[in-house]
Amino acid sequence: MLSTSIDLTTLPGDLVSKLVSTIDLYERKETKVRSWEEVLDHGTDEEILAMAASECDKDTPISFARNYESNWDREIVPYHLQTHPRRPVIMRGALKVCYMNHSFSARGFSPNGWLFEVYKRALRMSKKTLIDWEEILDFTEELARDVAVRHSHVSYHFWQHVKVPSDNGFVTVLMQGRWVMLDTEQYRNVAMMHKVIRKAEKLADRLTMLKQAKKERADGNA
Amino acid sequence: MNNTRELRAFLVEQMQGVSTGKVNSEKAKSISNLAQQIYNTLNIEVKMALSKAKLNGQTLDAIDFY
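Chains as they are written, first to last, in my numbering: chain A, 17 to 238; chain B, 770 to 835.
It cannot be assumed that every hint is accurate.
Stated by the list, open to error - Under the rule of at most 20 Å between Cα atoms (straight-line distance), these lysine-lysine pairs were calculated in the PhoX-like manner: (1) K179/A with K136/A; (2) K798/B with K211/A; (3) K798/B with K230/A.
Claimed, not checked - Covered stretches of chain B (in silico footprint by chain A; criterion: 3 or more residues with CB under 8 Å from a CB of chain A, positions within the stretch not fixed): (4) 773-782; (5) 785-793; (6) 811-822.
Keep in mind the hints are simulated off the structure, nothing from the lab. Where is the CB? At the ideal position from N, CA and C, for every residue including glycine.
Turn these sequences into a full structure, and let the hints steer you where they fit.
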């Protein structure tokens, strides 16, 4: 309910609408703080959890701050009540917490930032060395898709971040799971070494097959 | 260096050296050229072994240029 001592009829229309929305926002915040105070001071645990659930997304795991020894920064209650001993918090280690801890925006809930961290880790752990641009694109796209497919609400921002990094005058390669920028000359050298490694692998396979065939023939003659 | 596994391991090491800046362009070029030559030699040896196996005990005389 809007309550003000200012005579709004004497003010310009746009200023009135701004004032109204500011006062409305303030009152809504105050109402929220009061209702939280009320439920934290006098409500049961069930009532607190129910109110916390109404503030969060569906299926967000909620617990009480008293269950944790250290301070927990993923609060549900308004700022003024973040020292209240009965306040609820989002459970530590929950996916939603991971989303929020790595969110691209200040208080965002989208999974993009977290998934980008997962993607980076997966890339590092793959320890892949890829030189060919097409191979790099195929590998990174598949990896990003694998990471994103398990989470809903993945948006444009994630796909922007997982693009292969580039720099003018340099060629990007993936070396042991890390991005490396090489000048054209060094890229050519590395590409040649990589080619020899692949060819040597095939050669080793052929050699093994040859040894196997020789052994089988020797066994047959014996 | 005794086999292809060691050759590959060496080349991977050199590639990492290039990425960290420890191996300069000139050295990298020499290494890649040398590696290519070692591969060519190995490839010929394997081909020879395959040919021998296919001949099944028979031999080919060397070509007489005189």
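Evaluated hints:
no.	hint	in the structure
1	K179/A with K136/A	holds, 11 Å
2	K798/B with K211/A	holds, 13 Å
3	K798/B with K230/A	violated, 38 Å
4	773-782	holds (count 6)
5	785-793	holds (count 3)
6	811-822	holds (count 6)
Violated hints amount to a single one, hint 3; each of the other numbered hints is respected by the structure.
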